[in-house]
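K.L.:
Given these sequences and hints, build the entire structure.
Taking full-length UniProt numbering, the leading residue of the sequence shown gets 1, the next gets one more, and so forth.
Accuracy of the hints is not assured; some may be wrong.
[Stated by the list, open to error] So the derived label-pair ranges between C-beta atoms look like this:
no. : residue 1 : residue 2 : range
1   : Pro394    : Gly238    : 48 to 54 Å
2   : Gly892    : Ser424    : 49 to 55 Å
3   : Gly892    : Gln785    : 42 to 48 Å
4   : Glu443    : Gln359    : 36 to 42 Å
Don't read these hints as lab results, they were simulated from the structure. Every residue, glycine too, gets a C-beta built ideally from N, C-alpha and C.
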Amino acid sequence: TETVMDTRTATAELGWISFPANGWEEVSGYDENLNTIRTYQVCNVFEPSQNNWLLTTYIDRRAAQRIYVEIRFTVRDCASIPSVLGSCKETFNLYYLETDRTVSDGIKGVDTIAADESFSQVDFGGRLMKVNTEVRSFGPLSKGRGFHLAFQDLGACMSLLAVRVFYKKCPSIVQNFAFFPETLTGAESTSLVIARGSCIPNAEEVDVPIKLYCNGDGEWMVPIGSCSCKAGYEPDNGNVCRACPQGTFKSFQGPGLCQQCPPNSRSTIEAATLCGCRNGYYRGDMDKPEDLCTSVPSAPRNVVSVVNQTSVMLEWHPPRDTGHRDDLSYNLLCRRCHSNERRACQPCDDSVVFVPGKQALKETRVEISKLRAHTSYTFDIQAVNGVSNKSPYPAQQLSINITTNQAAPSVVPIMHQVSSTSRSFSLSWPPPEQPNGIILDYEIRYYDKVEQIKNKDETPNVVLEGLRPGTGYVVQVRARTVAGYGAYSKEMLFQTLTDDEYKSELGQQLSLIAGSLVGGVCIVSLVAIAIICTSLSEGHSSPGVKIYIDPFTYEDPNEAVREFAKEIDPSCVKIEEVIGSGEFGEVYKGRLKPVGKKEIPVAIKTLKVGYSERQRRDFLSEASIMGQFDQPNIIRLEGVVTKSRPTMIITEFMENGALDSFLRQNDGQFPVIQLVGMLRGIASGMRYLAEMSYVHRDLAARNILVNSNLVCKVSDFGLSRYLEEDTSDPTYTSSLGGKIPVRWTAPEAIAYRKFTSASDVWSYGIVTWEVMSYGERPYWDMSNQDVINAIEQDFRLPAPMDCPVVLHQLMLDCWQKDRNARPKFPDIVSMLDKMIRNPASLKAGTNNMVPGPSHHPLLDRGAPDLSRVSSVEDWLAALKMTQYRDSFLGSGFTSLPLITQITAEDLQRIGVSLAGHQKKILTSVQLMRHQADDQSPTESV
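P.N.:
As structure tokens, this is what we get:
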């Protein structure tokens with residue numbers, strides 16, 4: 001408590017104001033300990049209507065909101081006073097008045113105070129007996145800096161022996177390493193006053209906020225939050241954070257004590273948080289401050305080598321000194337040397353194989369293979385541990401020199417068939433990856449089921465002649481050096497043509513040549529010209545090819561548009577007619593007349609009215625992508641209109657539209673070599689995109705456009721939108737939060753969204769199937785989930801009708817489950833070029849069966865069951881040729897038995913002129929006959 005007034009300490013008159021003058025009287029007296037005190041007394045009990053007031057001097061409250069008054073007094077028992085009137089009292093009243101040193105109105109009562117005990121006599125010493133002590137409080141005080149107390153007597157015989165005025169407070173304190181200042185209690189006895197604490201010196205907060213509550217009795221309670229000694233300091237008696245002396249450290253904040261420095265370390269200052277390592281000792285990146293400092297290991301010992309042709313086995317002993325660490329490992333450095341001088345050494349080839357590896361080895365043994373024959377090598381074995389990267393000196397190592405022996409060449413990886421006749425075929429192959437010396441010659445082993453023949457040749461190609469027509473031959477090849485023969489390559493099957501096939505091949509080539517000379521606009525010529533022009537314009541992948549830049553990496557997407565797309569004056573653009581609708585608005589055919597240039601036809605994509613800023617960004621992102629490409633088989637961006645409405649993207653106009661619908665409209669109208677030419681153009685465009693490190697993600701025939709010269713160009717570079725936005729297009733199915741065209745997408749891209757150039761190769765295989773089937777829907781009527789399940793069970797689409805084996809094999813190569821096993825787009829372009837240069841390969845082993853889901857049990861729901869159709873209408877619907885219904889019925893083919901007798905001449909007569917449609921109908925008729933023959937007579941068609 002804090003006292004602001006105490007009459008017991010007064011040495012002079014108190015000077016309180018008494019009213020009326022004959023009421024309260026100040027006198028000197030003695031307390032029970034015979035100490036002189038200043039008192040006030042009143043005893044007018046024999047006079048009626050008493051109202052005596054006593055007002056104290058001004059009392060400064062010192063910002064306290066609640067004041068306590070302790071009163072010591074005596075009261076005479078009225079019954080002990082003879083002849084007293086009925087107005088005698090044994091109580092008095094206490095009041096207080098808030099003021100700024102001047103008395104004013106507004107006096108307030110505190111309480112009527114009665115004595116616990118009253119006295120009836122005064123002893124002979126004059127002392128007052130039976131002293132009462134009462135404590136009263138009042139508040140809140142807020143109207144002035146202080147107050148007066150007033151005592152009202154209404155007819156009592158009493159004495160005020162002492163008055164003490166005080167207030168309560170919580171004292172300043174250090175608790176939980178936090179200092180809390182002196183805090184006054186609240187205005188009410190039940191109030192809790194919050195006191196904010198602050199950490200003592202060298203302590204830091206642990207939990208915040210840091211506070212205590214001061215209750216009405218001046219007691220601290222409910223501690224919240226705390227501090228603790230920071231790193232480098234330890235607690236002392238709970239109220240001080242003492243600095244760690246030299247030679248000790250404390251690395252963390254908290255209650256812990258300072259520790260002695262670990263071995264091989266020291267601290268030379270007070271309050272150290274870490275002991276520094278002595279010279280030659282270090283701490284690893286993962287070591288703790290309390291761990292000892294360690295050193296680097298010494299060199300490995302006693303290396304032993306065993307050379308086996310072009311392989312070597314190395315073993316060694318661990319170093320004598322591991323640096324007092326248990327994370328020892330070894331690194332191997334390999335150098336190929338031309339002499340005994342190290343200056344003549346260079347790093348080993350990347351093809352050299354180290355088992356189990358050459359970095360971070362835990363074992364003291366390694367096998368090294370695929371070295372060069374008769375070559376000197378130096379191997380450096382380094383011992384390293386967790387502090388080797390801290391040392392300024394290189395790792396200690398042990399070196400050994402070895403020389404490999406002569407070895408036979410490795411296996412020839414693969415063979416290719418260059419051409420084939422009825423009596424011979426031509427083969428070529430790349431040299432072995434590890435020739436291990438100069439190749440002297442190759443031995444070719446080939447045989448059919450009857451005989452085995454061997455042949456030798458010094459060149460990596462051969463023409464095998466004198467073979468049987470229409471016969472398959474298994475061929476193997478192996479290379480020889482001075483060390484002997486290597487192993488044979490894997491067996492590969494090659495087929496000679498039959499005599500009829502060979503004659504047919506020659507005839508077709510002559511017909512194509514003659515047709516191109518006479519007609520002048522022959523399709524084959526167009527293909528050849530297109531290929532030649534494409535090759536001349538694009539060449540092979542040049543080292544200066546630029547890298548694609550994602551426009552979404554720009555902080556301002558409009559900056560990408562300005563950088564990659566040319567702004568076109570809208571006055572140069574003339575819109576002619578609507579040709580379709582896109583995701584963002586209408587697509588038009590129009591004309592572009594650049595200043596000073598010839599007018600050209602263009603396609604114009606527009607952005608619909610009411611677009612959001614995000615839609616505008618996504619719309620123009622396709623222009624930012626297209627604008628980076630410049631290749632004959634990629635759709636060409638002419639420019640954009642962004643400074644006026646509507647916003648437009650302008651591209652070259654492709655007269656024949658999307659490839660899938662174009663093929664369906666021209667079913668069976670193109671020779672195979674023409675289709676291969678189209679596929680070659682698509683592959684060329686994709687090769688260009690792959691070289692730019694751009695992944696298309698949505699390669700499909702619907703996104704390939706065809707111009708009037710039948711040149712195919714890759715388009716639609718907006719799949720990134722589908723991966724973020726919802727779409728009602730059933731082609732795109734949700735997978736892992738994005739939209740994916742399942743039928744065209746590689747399994748790793750569906751499962752893990754792993755989109756790479758290899759996943760584009762998978763899609764290219766599907767495009768090849770679409771082209772060869774003239775726009776048939778991949779996987780027919782299967783659901784997307786059934787497609788995913790079938791692919792997981794290693795089902796692959798069968799060859800379309802009349803599809804050459806080499807093309808279906810290309811598809812299967814593109815659909816390899818291991819994406820690293822798929823061909824690259826440059827390889828695909830080379831394969832197609834060879835097919836075009838050798839048309840005979842496109843005639844070998846075509847598939848003349850109707851493609852259908854019945855080739856796999858998972859596809860049954862999409863298969864047209866021709867054995868169960870009951871009418872001509874059902875049959876045409878199963879073949880998706882209902883457009884010929886009236887033609888068949890009008891020509892008398894009104895029942896299925898009549899349909900099974902139809903001929904090619906009949907089809908021509910009733911108006912089925914497309915060769916592809918004729919083939920599909922005739923093949924289905926053959927299939928119906930076959931199914932009917934397998935049924936019982938009652939079930940037969």
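K.L.:
Hint by hint, say whether it matches the structure.
P.N.:
Hint check:
1. Our hint of 48 to 54 Å for Pro394 and Gly238 holds, since their Cβ atoms are close to 53 Å apart.
2. Judged by the Cβ atoms, the range 49 to 55 Å given for Gly892 and Ser424 holds: they are separated by roughly 52 Å.
3. The hint said 42 to 48 Å for the Cβ distance between Gly892 and Gln785, and at roughly 44 Å that hint holds.
4. With their beta carbons about 40 Å apart, Glu443 and Gln359 fall inside the hinted range of 36 to 42 Å.
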